[in-house]
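> Single-letter residue listing:
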Amino acid sequence: MWGIIRQRVGPGGFPVPILEQSMHRLRPAVSALRSYSSTAKEVTVRDALNSALDEEMSADPRVFLMGEEVGEYQGAYKISKGLLEKYGPERVVDTPITEAGFTGIGVGAAYYGLRPVVEFMTFNFSMQAIDHIINSAAKSNYMSAGQINVPIVFRGPNGAAAGVGAQHSQCYAAWYGSCPGLKVLVPYSSEDARGLLKAAIRDPDPVVFLENELLYGESFPVSSEALDSSFCLPIGKAKIEREGKDITITAFSKMVGYALKAAEILAKEGISAEVINLRSIRPLDRDTINASVRKTNRLVTVEEGFPQHGVGAEICTSVVEESFGYLDAPVERIAGADVPMPYAANLERMAVPQIEDIVRAAKRACYRSVAIAATA
Amino acid sequence: MAFCLTKAKKLIYNHLKSKMGSLGIINHGNWTHPVSFSHPIPQNLKKPDTFFTNNTTLFASRRFESIIAGKHLDSLRNVFDEIEVLNFPGGKVKFTSEMKFLSESPEERIHCYRVLDDNGQPTVHSNSVQIGEEVAVKMYNDMVTLQLMDSIFYEAQRQGRISFYLTTIGEEAINIASAAALNIDDLIFPQYREAGVLLWRGFSLQEFANQCFGNRDDNGKGRQMPIHYGSKKHNYFTVASTVATQISHAVGAAYALKMDGRDACTVTYFGDGGTSTGDFHAALNFAAVMEAPVIFFCRNNGWAISTPVSDQFRSDGIVVRGQAYGVRSIRVDGNDALAIFSAIQAARRMAIGESRPVLIEALTYRAGHHSTSDDSTKYRPVHEIEWWRVARDPVSRFKKWIESNGWWSDEAEFELRSSVRKQLLHAIQVAEKVEKPAIAEIFTDVYDVPPANLCEQETLLRETIKRHPQDYPSHFQFPL
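Chains A and B, in that order, give the protein sequences. Mapping of the first sequence onto this note's numbering: position 71 corresponds to residue 71, and the numbering continues sequentially without gaps. Mapping of the second sequence onto this note's numbering: position 289 corresponds to residue 289, and the numbering continues sequentially without gaps.
No wet-lab data here; the hints were simulated from the structure. Glycine residues also receive a C-beta, built at the ideal position from the N, C-alpha and C atoms. A couple of the hints might just be wrong.
To be verified - With the C-beta cut set under 7 Å, the calculated list includes, among others, these residues of chain A facing chain B:
no., residue
1, A100
2, V107
3, G108
4, Y111
5, G181
Next comes chain A alone, as it looks inside the complex (with noise of 0.2 Å):
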């Protein structure tokens, strides 16, 4: 609470009246209920993307889905549902089990001109055939001077599930958007899925598209405008999922979502936080987050992958460049913890970042932390 008023002390020396703490605090109510067109429609994420898929499919006949169990099977986590039926065997392909296999496959359809939609099972399985995104496809167009690009899309579940050990938990943002040429998407709500995964799909470029498989069965309130088979999602803009003033909160993926709830708990106790979703690693939205710094001189970075050379790590040295001067404590940074992921589910959970872990290092940054260790 001090933290806060100090900071708010303007030149008049005077705290910041009752009043206006308690309509900070009536804000989020209103931002959480994310404010569309009045025709909002719950639709799971799953949902998002499968109509995403059968639109673009749909509109470009170029456009077609290759990866594991994704015709017959329906899509391991079906995603590509009842799409193997609409547009038969030629449209949606079943590969053998060999992640470099198919994806050199795709990449070379692409050269030649389609626009193929790579499933892995899960981003963990991509390290198979990552010379292939990167090599093959990623540099293509440098290489050849703009005669080969490739518009591809890779897509799939990234980061950890539930208990599902350490080689299928690993989170992938950082690997892939630190490569030029590659265009790195990662939603979080299903106005998200759809809206970037069409983007994507249209884009002339290589995109990775990394999904959630915890996400896949949460609905959001879409719009009506976004549900409308033309809408698309800009590359390379963040959302402010949540507007605030006392510090920034950056995430992606699922951790939006705590990111959001965290914010709740902050407001209880004074601390207005914005939350911002990423919803793009490569191009970031360096803009977007430093004057979101500026505004709130506070900066919290929330991601589930390992810690070192993580997605954090470049929004903080982004912030020190364009905004050092901005910043009132320094970065905090939370990330996965740097140990393959265990099973034990407690161990697991102690992996990720969890929700409280999101409200103490926002308490650290506002100088707010508990002395005595306790619960948050």
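Since the structure of chain A is provided, determine the placement of chain B on it from the hints.
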């Protein structure tokens, strides 16, 4: 991992299901003419995933039968004595009571198709294609040009004028004859020892030189090392340094060609070393399953840098692998231009007409070093190199053939060599003097449209150059 077990089980079901549906593939004969019930099962064959076809029930119910096969077996056991054929997933297989292992190598190595003998004379009984004078002379011209280009550019590297070069010495027939038998619409996915294919298609000597010097006229905008040629106009996909990645690209593009219904195929080249990669395996396997019109051309030249084929694989070369994947294959004499021409022409007809992949293994010898970074005398005897270079030279062999047809003469030879030599030297001189690419080209083509951060960086770079001209002295090296 429970995850993966489900995956495996589902794959089996999908495999079965897919045989009915889709790509119109795979003989339905297995299912429409099933083994009758008079063939019982021996006791030791009680496996849950083997099953019997006893009637023409719907495929779907057959799939479920496999789960309850155990029960079926118990009821049948008492009734019948012996079974000759079993319908496994994948088709009918005859049983044998003789335990015999397939030998790791065939009794005799697969024979090698050749048309011209070492003296350039057609062997008897050759069912080769007839090549007319015009094509034959152009082929010879290009083979000589390729040979000269290699020797002159190699020298240029030794003189320090270009940083790197890689020759096709010994493989001129492979390069030119294969290109000659293809159409311009066929897409080429090269490794790096196939510059002759591009030469045949019309890439000029000046263009080759420009790429090697990485100058402003390079259609690759100076982005890559020498010999990494690429030309969309000539349907020749840009060479990448990664080994064998082009093989699966070729399959993907072939699939796309098939979907488009085009009268064209893709052709991909790779060496003996490239066949050890995972990409080779996946690509051949996939191409067979997808029935893609692709020609896999393996230049088995005996060496992968310093690794001889005896250290690379233990199979009878590459040709035998075709059958392992269900791919039609042939072995040809890689130093015989006519054999290559015939094989490619036939392969192309099969690939497009029957929508299938074809594998061609051309046996040859890498008569030059791997590249300018290599000295092969360190790992192989000089006399061996010399013998192949001279006695088995594909260019002189083909020359003997066209001479015997009266299509070539010594004067023409002299004329050709001196003219090409002059052109090559001129091309190098010109390429050397052309400016390097503009610095804007550092930032273009990373994406379709340059992103904001790269535009900023370009502005910053220009300002830096302007502010510190002493650090960027030569306008030639840093054209704005």
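> None of the hints should be skipped; say for each whether it holds.
Do the hints match the structure? See the list:
1. A100: Given a least distance of 5 Å, the restraint on A:A100 holds.
2. V107: holds (6 Å)
3. G108: holds (3 Å)
4. Y111: holds (6 Å)
5. G181: With a closest approach of 6 Å, the A:G181 hint holds.
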